[in-house]
Amino acid sequence: MKKKFIEQIKTKRLYFDGATGSVLQSRGLPVGTPPEVWTLTHPDEIYRLHSEYIRAGANIIKTNTFGVNRLKYPNYREYISEAVAIAKRAAADVDDCYVALDVGPLGRLLSPLGDLDFEDALSVFRDTVAAAEGLGVDLILIETMNDSYETKAAVLGAREASSLPIVVTNAYDTKGRLMTGATPEAMVALLEGLGVDAIGMNCSFGPDGMRELLPRLVARSSLPIVVNPNAGLPRIEDGRTVYSIGTEEFAEQMRLMAEQGACLLGGCCGTTPAHIAALVKATENLPYVYPQRKNITTISSFAHTVDFDGSPVLIGERINPTGKPKLKAALREDNVDYILGEVLSQVEHGAHVIDVNVGLPELDEVSVLRRVVKEIQTVTDVPLQLDSSSPEALGASMRIYNGKPLVNSVNGKSEIMHAVFPLVKKYGGTVIALTLDEKGIPDTADERVAIAERIITCAAEYGIDGKDIIVDPLTLPVSADKDAAIKTLRAVELLTQKGIKTSLGVSNVSFGLPTRDKINSSFFSAALTLGLSAAIMNPYSEAMMDAYRTHNAIFGIDAGCAEYISKNSDTVAPVSQKVQNITLKYAIRRGLKDSSALIADSLLETTAPIDVINGEIIPALDEIGREFEAGRAYLPELLSSAEAASVAFERVKDKMPRRAADGRSVILATVKGDIHDIGKNIVKVMLESYGFTVYDLGRDVSPERVLEAVRERGCSLVGLSALMTTTVPAMKETVELLRGERVAVMVGGAVLTPEYAKMIGADFYAADAMGAVRVAESYYGGKS
Amino acid sequence: MISAEYRDIDKRKIVVSDNELSARLGRRCSHTDPELYRVIESLIQTAEPRYAATRVKISYLESGEIDLGFARVGSASLAKNLCGATEAFLLVVTLGVEADRLLARLSKTSRAEAFIFDAVASALAEAVCDVAEAEIKGGLVCRPRFSPGYGDFSIDHQGELLSYLGAPAHLGVCVCDSGLMSPMKTISAVIGIKG
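Protein chains in written order, with the working numbering: chain U, 1 to 784; chain G, 1 to 195.
The shape of chain G in the complex, shown without the other chains:
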């Protein structure tokens, strides 16, 4: 059952942020560093970045909960982020299962590379999410994206968000028992649309 749009990411639009890289590698660096550039290119080639997105109406209930369509969420931090928005985009972006496989392979053969690739892959996931966001926003002004697990937006809503978007069937993204998503390099988010 499909209830959202599913799109491939245009790899040419991906730009990895130096801040993200630096944060995850634990030192100041840039996507233009030759060694990191190589890693980024290799990951982009291996990954199959895709996303699922849809648009929902938001209602603010008497109980203080926020009805987002896929769930009723009680979260002060989400409420603060949404700032009264009455509509939002729901987004799930993933680098795909091949990226996970590459990381799994590296973790068996070279821990140094595994660590670096893993950090870069996380930064890449954020970059891919930026591309997806830009595409679905299409000029609308929106709030910063906010994911389950941020603040008091319970990570337990992850599964509901993914189901609502048909992500397990059509994007190959699902939730593990631990609450983490699989494939690992996946980002889910609520993006409030400024009224």
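Bound-form chain U, shown alone:
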């Protein structure tokens, strides 16, 4: 009776088998035919392959199910059960031979870069693994994934269907990253957080290539490492694919990797039973070293990690609705672009992590946080701090987060710990622990440290390692309690001495006082000196960034003071540039965004906002619009002008007396089945520059969603765009669905003509972006 897989790998080296596809091709599998089809048509060949690998010394054989999933095979369950049966038959006569369910990539890219939704991918993986339940496989192998997001979907899907051990090997490129950007360090963080049982690499290149990456995995991973390289790089010779590395060289390279810390060994494309036999012979007498636990506190985005290791981590605090009317408005209007702009700006100013808090009472925080996090992941590779007092919102965002997030927060209250820790256990994450409990915030530093220790102990009961907890001993205003700062700093000191990582929301210390930055930065410096690991702060604050940089320079974190020098010796042109002697109209015509902003500000000091709009902005846009229609100006100029106009508009809106929205709103969408949105985006810019409120539903939008938005927003003009002939029917469907509502529909896009527009029942046709503006103007002009 063999040991359980997880138990076995604690003390004994196991060997994976080698390639399936390339060997079967040499036995008649036609090029272009996936190996899995032979499970049903040539089961004997599959049995033969498994047996040969077992005879060569492999003790983990992969079922012939690499490409099997319900997206590609309607009868996937049959393929899986047959493949498992063959593998189990082959393994039956041997002691200690394990059968791994082989789960490969879906062959589709996950959104937002592709069109497969994360949850849909997850459910496909879940169904795949569920199909093998009860059939007697010993473990699940998720392999050859070149995308961290798909990997996460696969692991979560597998977990939801089964409690079998999970081994994950990824396919890295020659630059040492996954195709979608993840470093080995980021993958270790993600996968350890998800609680898999072994991690490593497969495919891509030969053992020599893997040897270069192996040290990075060994340095970070507390889990056993798996290496299944190809037999070198493929070449086409006389129409056949051949691999460059022979059995002896392969075995020698693998022996070196075993000595460097690789635990489980096997092969991928191009390897044969002979390769595996040579590999086993070369390594079977080497000592087996199970990895030590690495005490690394880290978080990751889809691309890279941020460690909490002595170099202070700056968490940008600006995405938090409290005290930010513009952000509140953006959230209510679903203006995600504004939020993204704020995220990117904070990163530009030096934030290492971005806090995301979208808690507004009137919003559905769960779906807003989920959506915002998804969008932010599209535009930046900086890790995020998911910030919410709703465990449900935390769970929803942690689930779709592409990486290992920073989670804000848990505290000493029993109810909260029991709500948040299961989420951290399931989705992975490093969690901020606030030192308060049912009795409130303790008065002394020692009591706060005690709560911290209780939280860490409770986390351990959930299987969460102390290294994944960062304690926030809470910052209270020094104006209310003269010892507030002292207590917090003392707590930081004590926690640091105990080897516990710390974080603070620094700005709170100066609440109620003037020139807050001065106090914040001083407090920040003091805390850093006592060992503070991270701070939630305002990266736009010069004083705070100075405190950070000077700390790093003084304490040797910024070696040679290089960072400090580069930031402080720039000859920066004075920010308050002399406003050129040009009109706003000119600046907009020329697409000068920054000048437009400055000139608008200065103009608004002497001119009424409405006059700025009617006297400068609109005439400028009309002029360039006419030039565009006449073919004397082109799209890039039109867009630059529109952006400059939007910027000016923002300035004007700030100065305008508060009045109800003028009701001139437009809903835009690219219809279902179409993912082109450049045209729609151009229309959006143009409409906004003319002062319309635009609700952009995005691309691939179903008719039902458009209807929902019309009702929700009370908007009476919809603009639909389609670039592909195949999606015109979806447009027609949308128009029909909207027929009962009091709404007009304009359509546009490369494939549309006035005739088509009429045919599908649209009210207006817009040939281009300026056309859309004219339609909207005349529609609302006629109505008002």
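Treat each hint with caution, since some may be false.
As the list claims (entries may be wrong) - Computed footprint of chain U on chain G; a stretch qualifies when at least three of its residues, placed anywhere within it, have a C-beta under 8 Å from a C-beta of chain U:
| id | region |
| --- | --- |
| 1 | 60-69 |
| 2 | 91-100 |
| 3 | 104-114 |
| 4 | 133-147 |
| 5 | 178-191 |
Just so you know, these hints were derived from the structure itself, not from any lab.
For each residue, glycine too, the CB sits at the ideal point set by N, CA and C.
Dock chain G against the given chain U, drawing on the hints supplied.
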């Protein structure tokens, strides 16, 4: 399972065509225009252009279809393009996912830049395809490249072509439900070899 060659593109060999640029930007321009030059350089730096290629035998069937190895294609325009060639290269070239990411980011922050970058990226994809073609042709005289979606060469064959080349696994290129490829700046083609 690998059944083709996978290569990185040597970025130094890339030359963007002024005709392509002009067509996509909607006005007469050149890759030497300072502003466009900047955009091209920035895209080349961000992109990770790669290709997958293999060589297949072609047979012309009784039914009028063309057997290209990855599929049987019924297309008069493809037949016209191949001009009786009995062998062809199959090629998929991509600028990679980082280029898509850059475009996605720009589309959120600056529509003007997004439009320009998108147009230039398309021209760049064509230029990269030229480099790949030159490498695999190696002196052979070939027909002009012809892609699924041209004429009556159905775009439905896109997926089959990509699978045959192992593109999803080894190049990171796949087909979306809509029939478009992802990453977006990707070109697939059949290149007939003159007999």
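To see whether the hints hold, each was checked on the structure:
Only residues whose beta carbon comes within less than 8 Å of a beta carbon in chain U count, and the region 60-69 of chain G has 1; fewer than three means the coverage is violated. Check result for the region 91-100 of chain G against chain U: holds, 4 residues qualifying (beta carbon to beta carbon below 8 Å, three or more required). Counting residues of the region 104-114 of chain G whose beta carbon lies closer than 8 Å to any beta carbon of chain U gives 9, which reaches the threshold of three, so the coverage claim holds. Against chain U, the region 133-147 of chain G contributes 0 residues with a C-beta closer than 8 Å to a partner C-beta. That does not satisfy the three-residue criterion, and the hint is violated.
Only residues whose C-beta sits within less than 8 Å of a C-beta in chain U count toward coverage, and the region 178-191 of chain G has 5 of them, enough to reach three; the restraint holds.
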